[in-house]
Amino acid sequence: MSHAQYIPLLIFLVIALLFPLVTLAIAKFFRPAKYNKSKLSPYECGIEVDKEPERNFHVRYYVVAVIFLIFDVETVFLYPWAVKYRALGLFGFVEMAIFLIILIFGYVYAWKKGALEWE
Amino acid sequence: MTNYVWLIPVLPLAGFLVNGLFGSRMSRKVVSWIANLTIFASFVFALVLYIHMLGTPALSEEGIHNILFPWLNVGAFHINFAFLFDRISGTMTLMVAGVGFLIHVYSVGYMAEEDGYFRYFAYLNLFMFAMLTLVLADNLLLMFVGWEGVGLCSYLLIGFYYTTKVASDAGKKAFLVNRIGDFGFLLGMFLLFYLFGTLQFPQMKEIILSHHILPELTTGLITIATLLMFVGAVGKSAQLPLYVWLPDAMAGPTPVSALIHAATMVTSGVYMIVRLNFLFQLAPNTLLIVAWVGGITALFAATIGTVQNDIKKVLAYSTVSQLGYMFLGLGVGAFVAGFFHIITHAFFKALLFLGSGSVIHAMHHAYHHAGIHDKDPQDIRNMGGLRKYMPVTYWTFLVATLAISGFPVFSGFFSKDEILWKAFASGHKTLWAIGAFAALLTSFYMFRLIYVAFLGNFRGGEKEEEGLHESPRSMTVPLTILGILAAVGGFIGFPRIFHLPNILEEVLEPMIPAVNPVHYLHNVSTEWTMMGISVAIAILGWLIARTFYAGESAKLVEGLSNTFSYIHKLLLNKYYVDEIYFALVVHPVKRIGEFLWYYIDVILIDGTVNLAGMLATCCGRVITLFQNGSVKMYAFSMLTGILILFWIFVG
Amino acid sequence: MNVTVNMTALMPLIILFAGISLTALMGTMKDSVKRLAGLVASISVVFAFWWVMERILPAIGTAAMESQSGMLTYSYYSVFLSGIVLITAVAAFALSEHYLLEEDFSHPEFYAILLASITGMMVMLNTSNFVNIFIGLELLSIPLYASVAYLRYKPESVEGGLKYFILGAIASGFLAYGIAMIYGASGSLDFITIVKTVKTDSLFRLGLLFILMGLAFKAAAVPFHMWAPDAYEGAATPVTAFMSIAPKAVAIGVLIRILYSVFPQMVDYWREAVLVLSILTVIVGNFAAIVQQSVKRMLAYSSISHAGYLLMGIVAYSVEGVSGILFYLAGYMLINTGAFGVLSLLKIGDDDFVSYDDIRGIGYRYPLLGIFMSVFMFSLAGIPATVGFMGKFYVFKALIHANYMSLALVGIGGSLVSVYYYLRVVVHMYMKENPEERKFNLNFLSMTVLAICSVLVIAAGLFPAKIADIANVAARFMN
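Residue numbers (this note's numbering), protein chains in the order written: chain A, 1 to 119; chain B, 1 to 651; chain C, 1 to 479.
Bound-form chain A, shown alone (with noise of 0.2 Å):
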């Protein structure tokens, strides 16, 4: 195996790696540095906090997290498939329904469960 395959890999990871400190950087050096009270407060809107923000957020949260994710991850398999989906052919075809299908049948159980609804 040749090594020179990995180095588009390491220049990206060494851009990847710099880019927030670069902007972070340039940030600190042209914005201006006047801080008063208000600006350091939460939120910045001046309206006074009188406790500290909920760490716990709602359950229902989690379960749309989980499911959204679960669809971001789908579009994550379809991409590629879709990009060969010619080479692939038939097979590959019944084994993305199949794969559409289990997702579909937890949608289902979601669904039916009520886990999409707020209240």
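Note that these hints are calculated values from the structure, not bench results.
Since the model is a prediction, treat every value here as computed from it, not as a measurement.
Don't take every hint at face value.
As the list claims (entries may be wrong) - Here's a subset of chain C near chain B, in silico, CB distances under 7 Å, partners left out: (1) Lys163; (2) Ile166; (3) Leu167; (4) Phe224; (5) Glu272; (6) Ala273; (7) Val284; (8) Phe287; (9) Ala288; (10) Val291.
No residue lacks a Cβ here, since even glycine has one placed at the ideal position from N, Cα and C.
Once you've looked at the hints, dock chains B and C against the given chain A.
Structure of chains B and C alone, referenced to chain A:
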């Protein structure tokens, strides 16, 4: 059909399972039907199989070999789970299942009012299963399984009335004494496996017949092996010096005494030697020991039997004595005669026990009727004149007495006489004399029972007398059948001089060939003479008993026992054997035990064990210290594991 | 792409998946349907079992049945282990029925979750590709975490599930890392290709190390066992029964497969590693079991120690050793199902009465239950005439034949220690008085399972030849 030999033992097992599991929820009627039908089916099937076997030339030589499945395969050790239904085991099976069935029927009446009815029948069926397994086993290991199985059932049934201390003590005693015998059996089995490389009877026999083992090399070892097996037989068949458990075993229900401690289980030691006759014939020294142990036991137990007052104790000692006869027969090379005596003894001794059970049952009822609780229903001194109230019991008991005493035509006459004659004819004159004297005593103590218990006048109050009555039909019918068998059962083995066919010898001849090392004297007139002497002895015993115990001669007995008070006391206390064993074995063992207990056990062993236990507990506690519930600790433990693996793999 | 799909080979997974879908959907239906979930789940497992035994087994010869270039591979060996998993599953379902009703928390999803785990086990067992090993492991583990935490209103259940999850995620990570290293070193994920390229260089060694660790975690081998007592104790007892047998059988089975047929060249390394793990496991499992106050927790430690005996069998590195392990697993399945099954009956409402104090006098009050428990305890202790004895006998015999006398002695020593705490159960059941009268409901279905188990424990202990023969065949045809 020949592939279903296994049904014979398995049917009672099925009965045991059904009764054992669901018996508590079924009515007594259903329980007894299940128990009786299963054993009856076994008997019928065995009978059909037996006729089929004898009628088929291919089977009658080798027997029916029913291999079920490979049992143990460990290295060179191959054992099949297999049954062998041949001439020996078939005959024995018929006897065991037949007598067993009759005793089952009898139990229905006897146990009718007892608690634990279903438990009793479940055990009884389990016993039949184990006994039939023992009989039908095709190898020593399976036989040993049956051997232990019957032992187990015997302890369970001896201790059936487990609430009484006597019963549970007797169970314990039987258990302990039998361990000695079983130890011998096991060692013998190991030695035989070492010698033959197999434990299957047909293969062992084949090896001997084809002289794979050179006699001059192995005679010593075979003698040791057969002696060890004989130790097993001594334990199970209650011979000197291990007989002590049998009289105590009478604490169990009487039908159990009849089935296990008279007819079947206790004869399994004899049966085992008959089964291995091809081995024992190679070891004349062992046979000599067998003969002497048997002869001395026969006499010894008979003397004790003469003075006992508990009806079951008399019969128990009588059983020990009769078993001695069987061993005497085997020892002089008369295997067929010994086997013959197993069968006739099963008939008349089962009958005697069942008869005594009937008597005890009646006495119990009488006391119950009169509201008496402190009298012993088994003591013959409390009985007398029972003939009037229980005729069936009396007549059948009398038949059995005639049979055991060796009165001509009755079954015991043929088998016992054959043993005595073979002993005499093979040149063991002393043994013959011992046997003959024991026969005299046998006749005496049996007629003593008849006179004291059944004849004369009842020695209880009127109120009790009113309560006396014959036992129910389920008890008297088996008595009658056994009575007929005890009377005519001897006809299967007529002596040669009668010029009548000896069925038993013909049946067993292929299995127990007459290639005995012992050469019998063949002299017709001597044989007639010896038979005459036997009959005379039996009659003499009866006459002595009559002089002492008939009518109002009780004073004579008292006088005699006063004159010979030492002997009387000696006999009454059974030669103090229990006490001697206690003093010689139990007490020293106990003392040594106490010593060891204190110095070795309490200080050393307990100390060590406690220390070990403490250490183990400490280790456990240290280990569980890490199990503190914190996931961090758990992950840390995994990290340690990885480091260990890393060290092994990379370091 | 040239992929051949063998529907016969896929069928068991499809059946199980249909079972998952059905049971999960039943969760959305009305109560009268919900009640049938256990039945549906059992039927799908039985159907899968039937398929494996009737359709797949006859098609296997000395060569395995394959589908998708070895993604699915059925051999006698893997079918034997699949059988153990599926039978355990049915027994666990049967026991759950009563347990969950008594708990009043019976949902069809419970069965769907367990079925998913079973599917994972089937995937993991019947494959010769590392991708499916990993996918199978995840499919096995994640539902198992959920099923431990199933009794979500009980803190100990959730705690056990969470701990199992966190530590399990770490272990899975290591396993994936190990697989990646092997891939990096050999350029393949397929067993048959890998075995041709195996060298003993450091990349292979590291890869095998991490794979070993990941599987040792699933088998609850010391020191990767810490999750086990908490998870076992927290889970619903039938789940404990299931997870003390099936994942262990799968982990040990797959470990043997990987070590023996993929990395035979590295035997010097893994042998020593497994040796150390097995000794640690036997010692820690047994000693920790002594000091427990709860029978359920004691059994958790006991199952750790049994993993140790199984690992010892791996050290023997012989067909005899493998067949011993397979026999051991088959027997262990019967015993542990029974032992936990007895505990699952000691329950009133949502209280479990499974401490030593609670079982005092059980033997008298519930004679049948007492006899069953005694049989299982004797068998776990390895007392002759039970299957537990024969299993230990075969394993130790293989060790002695492989010249690991001292290791066998450690094993025997461990089982001697174990006699103490197993018999303690019997002593408590029969020789102690319980001041509190409790009325347990001895469910017929559960009692039937226990009766079958105890009869088989004795029967297989007396007549081991048949199972031993099958195990021997299975051990010889691993690929």
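Handout entry: Status of the hint placing Val291 of chain C at chain B (closest C-beta pair under 7 Å)
Key = Cβ of Val291 of chain C sits 4 Å from chain B, so the hint holds.
Problem - Closest C-beta approach of Glu272 of chain C to chain B relative to 7 Å, hint status - result: Holds. Min distance 5 Å.
Handout entry: Agreement of hint Ala273 of chain C with chain B interface, Cβ distance less than 7 Å
Key = holds, 5 Å
Problem - chain B contact restraint on Lys163 of chain C - CB to CB distance below 7 Å - result: holds, 5 Å
Problem - Hint status (Cβ of Ile166 of chain C to nearest Cβ of chain B, threshold 7 Å) - result: holds, 6 Å
Problem - Hint validity - Val284 of chain C Cβ closer than 7 Å to any chain B Cβ - result: This hint holds: Val284 of chain C lies near chain B, its Cβ roughly 5 Å from the closest one there, short of 7 Å.
Exercise for the section: Under 7 Å, Cβ to Cβ, is where Phe224 of chain C needs to be relative to chain B, so tell me if that hint holds or is violated. Expected result: Holds, because the Cβ-Cβ distance from Phe224 of chain C to chain B comes to roughly 5 Å (cut-off 7 Å).
Handout entry: Residue hint Leu167 of chain C, partner chain B, criterion CB-CB below 7 Å
Key = With Cβ-Cβ at 6 Å, under 7 Å, it holds.
Handout entry: Agreement of hint Ala288 of chain C with chain B interface, Cβ distance less than 7 Å
Key = Nearest chain B Cβ about 5 Å off; hint holds.
Exercise for the section: With chain B as the partner, please determine if Phe287 of chain C meets the hint condition of a C-beta pair closer than 7 Å. Expected result: holds, 4 Å
Every hint from the earlier list agrees with this structure, and none is contradicted.
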